[in-house]
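Peer 1: Turn these sequences into a full structure, and let the hints steer you where they fit.
Protein chains: 2
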Amino acid sequence: MARGRQEEIGIALLGLGNVGLGTFRILEAHAKDIERRLGARVRVLHALVKDAQKSRPKGLDVTTDPEVIFGDPAVQIVVELIGGTTVARELCLRAINTGRHVVTANKALLATHGEELFGRAQAAGVDLLFEGAVCGGIPIIRTLREALASDRIEAVIGIVNGTTNLILSAMAEEGSTYGAALARAQAAGFAEADPTLDVSGMDAAQKLCLLAQLAFTARLFPAQISVEGILGLEPADFSLAHEFGYVVKLLAIARRPPGGPLDARVHPAFVPRQSPLAEVRGGFNAVLLQSAALGPSLFYGQGAGAMPTGSAVVSDVIDACRDLLAGVAGRLPMLCAPNLADVALSPPGARQGRVYLRFTVSDAPGVLGRIAGVLGDKGVSIASVLQRQPKAGEPGATVVVFTHVAKETDVRAAVAEVDAFASTRAPTRFIRIEDEPPIGPAR
Amino acid sequence: MARGRQEEIGIALLGLGNVGLGTFRILEAHAKDIERRLGARVRVLHALVKDAQKSRPKGLDVTTDPEVIFGDPAVQIVVELIGGTTVARELCLRAINTGRHVVTANKALLATHGEELFGRAQAAGVDLLFEGAVCGGIPIIRTLREALASDRIEAVIGIVNGTTNLILSAMAEEGSTYGAALARAQAAGFAEADPTLDVSGMDAAQKLCLLAQLAFTARLFPAQISVEGILGLEPADFSLAHEFGYVVKLLAIARRPPGGPLDARVHPAFVPRQSPLAEVRGGFNAVLLQSAALGPSLFYGQGAGAMPTGSAVVSDVIDACRDLLAGVAGRLPMLCAPNLADVALSPPGARQGRVYLRFTVSDAPGVLGRIAGVLGDKGVSIASVLQRQPKAGEPGATVVVFTHVAKETDVRAAVAEVDAFASTRAPTRFIRIEDEPPIGPAR
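First to last, the sequence lines map onto chains A and B.
Count along the first sequence from 1, add 23, and you get the number used in my numbering.
Count along the second sequence from 1, add 23, and you get the number used in my numbering.
The hints are simulated quantities; they were obtained by calculation from the structure and are not laboratory data.
Among these hints, one or two may not hold up.
What the hints assert, rightly or not - Label pairs and their in silico Cβ distance ranges:
| no. | chain 1 | residue 1 | chain 2 | residue 2 | range |
| --- | --- | --- | --- | --- | --- |
| 1 | A | Lys55 | B | Lys430 | 32 to 38 Å |
| 2 | B | Ala54 | A | Pro80 | 46 to 52 Å |
| 3 | A | Arg64 | B | Pro284 | 28 to 34 Å |
| 4 | A | His427 | B | Val366 | 53 to 59 Å |
| 5 | A | Glu196 | B | Pro284 | 35 to 41 Å |
| 6 | B | Pro371 | A | Ala216 | 50 to 56 Å |
| 7 | B | Ile405 | A | His265 | 32 to 38 Å |
| 8 | A | Asp442 | B | Glu58 | 51 to 57 Å |
| 9 | B | Ala52 | A | Ala373 | 24 to 30 Å |
| 10 | B | Pro371 | A | Lys77 | 50 to 56 Å |
Each residue gets a CB set at the ideal place from its N, CA and C atoms; glycine is no exception.
Peer 2: Here's what the structure looks like:
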């Protein structure tokens, strides 16, 4: 047993924003418990900040000079929480190159420079841990890395962006427009002034890459993923979803059938109301795994926030401490060669599945028949249909079609044809229906 | 780095029933992946069975003689899957005493002899891992042990018994009686011929003890827990639950307010339909954690079965292999002194909460008024009430009361008084309403 070889482990926090402060507070509040569990004390020796004059928690040594941190041999673990991809990259590389373990909650950094950072960490024999980078406090990285090391994962389906889930929840529950829901989320501090990264789906795509790399040991970059954000969703889509037993969610999906290509995408989807994913409201996150032995499992919790993310960061710090005390490190698969392999990706449009289509058309006889005819010509079979007179202010009548399982290219071709009709008054809304894998009553 | 010190790790399976075969199959199917992740091969050297003549998977050496296993120095990990508490205890002790790591999925063994086994394992410096003992393939032990090492857990609320959840789901969804639902579960192989351990709540209590010991580092035995099973629930309770927006679930609950006593109990409860626990159907299990930093989180998956439990067992085997390769062990907190402390337990009846009461009374004027009067006298305030004429075959009219938050002793006293009335035709049904902690839209 390696316990007790070392009395104190020094760490440095790079950045002292919300998550940095949360991390510091958790380390302080649980200091005794952590010491009891580890057999060694964890001490925050330094925190790197931009402005040394700001008021800080008592007992915390702050500095604006990285040399103070890298010049202190007592610093054995560096926790990167400054965000961004330039300075963060440099400081992480420096920590790795000087033999320190690194903990980060910076998904953008890993999505951009992950291969380089993991490769260096692997070569240096240090840990690079990132539980806080995906889904805040949900221990999904740990689960993928350890508990399911014994299983073959077939699908990862997640609600991994709290901001968009908050906006979609408000649109569903209060009938808000996208603009009103976004403005409210911004006013409450839950959405950035520039919300592009979240609402475009790109934040979710970055997280999906990390999840999919772990789950499928496949190299994957956000630019390879088909990504649709939540812009353009309208109140009518939410009320129609509700009417037909669905909820609209922004899903991050990665599936890999044995021997088949990897299908990775981020887009809004209709989720059946009885799916546990439908119950994920507000800023919560959830990840549904489908695996060969375990079957379906779901992990659910707060996706962001100082304390949830801080608790994930601290759990990584404790892991790094354990490795330090045991004199082992880099045992966990790093997301770089040779652990990751290139895999074939499903081309966009290869999906076969059910789709919701909302056509806006002139209120004239024969229009529904023409739409049905085009769908039929393309081999797209209709499961249910609804036609409605235009309400005041609407550009036309509404025709809603829920398809049976169909090839996405066929549905897209039919939509393009209908959108070219003179009778079509607005571009057709196309939303995929995701009802697999079911988590249901079967045992 | 300790990798590569050892080319092969030998394991022995004690028992080759469903879970044993599942474990063997997963180890075989994922052999290459496990070897790649560990840097060493895992090989099942022996399996201890009762009947050596039965047909077995090819390539598996079976024996009826434990000496074959304990006499083989290549066996470094012993996996106990025979069940029961006598032979299993002896073999586990022997494995520990001969310096082998032990993996078990035997919750009854740990609930009965846990303190002795963990104490011996701690003294011997070997692992005693038990992910498969609670909630099959849900990595809840790992989560409590590692990810939340950085957090303070306030409550553990679980649906941890698949058999009762299957029966309750059938009663809710098909309106079955308890007897019919049980018979069907037995016929389908999901309930034992003698279902007592499951339906009495005792299996759930054993699992709750393991969860609460980890979560609160508190000594806890099933005999200290207030346990009510699912017997006596009637179709009327399910239809009334549905009518008022609830679902009936058998919950295992352990809560510990900071500095306060530990409140641990197992009983059927009304759960709000929008709670994620309400969506846990059939043989699925779920555990809801409430913790200081992370807030609420939920872990959901298959609670039993050869492959889910086998996958949990294999994940423990991999952990034990990692410790072997790293030359460390017993790093994780063992559930024995000095890691566990005695704590004060909430006395039965100390609960304050909402309750559903179903009175069966003679269909005479003034009865509702008398019930309301007794409740009022005891300080129990009524949130909603429903009175119904007796249906054919029912012994009397039904009065249903949903209380506001009330002391359980006060409600019990009121019920005892009402049950003594001549107008009361059957014992009053008392079911707690559990609507905390909420997992809701707040971020």
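Peer 1: All hints, please: hold or fail.
Peer 2: Against the structure, the hints:
no., hint, verdict
1, A:Lys55 to B:Lys430: 32 to 38 Å, "holds, 34 Å"
2, B:Ala54 to A:Pro80: 46 to 52 Å, "holds, 50 Å"
3, A:Arg64 to B:Pro284: 28 to 34 Å, "holds, 30 Å"
4, A:His427 to B:Val366: 53 to 59 Å, "holds, 57 Å"
5, A:Glu196 to B:Pro284: 35 to 41 Å, "holds, 38 Å"
6, B:Pro371 to A:Ala216: 50 to 56 Å, "holds, 54 Å"
7, B:Ile405 to A:His265: 32 to 38 Å, "holds, 33 Å"
8, A:Asp442 to B:Glu58: 51 to 57 Å, "holds, 53 Å"
9, B:Ala52 to A:Ala373: 24 to 30 Å, "holds, 28 Å"
10, B:Pro371 to A:Lys77: 50 to 56 Å, "holds, 52 Å"
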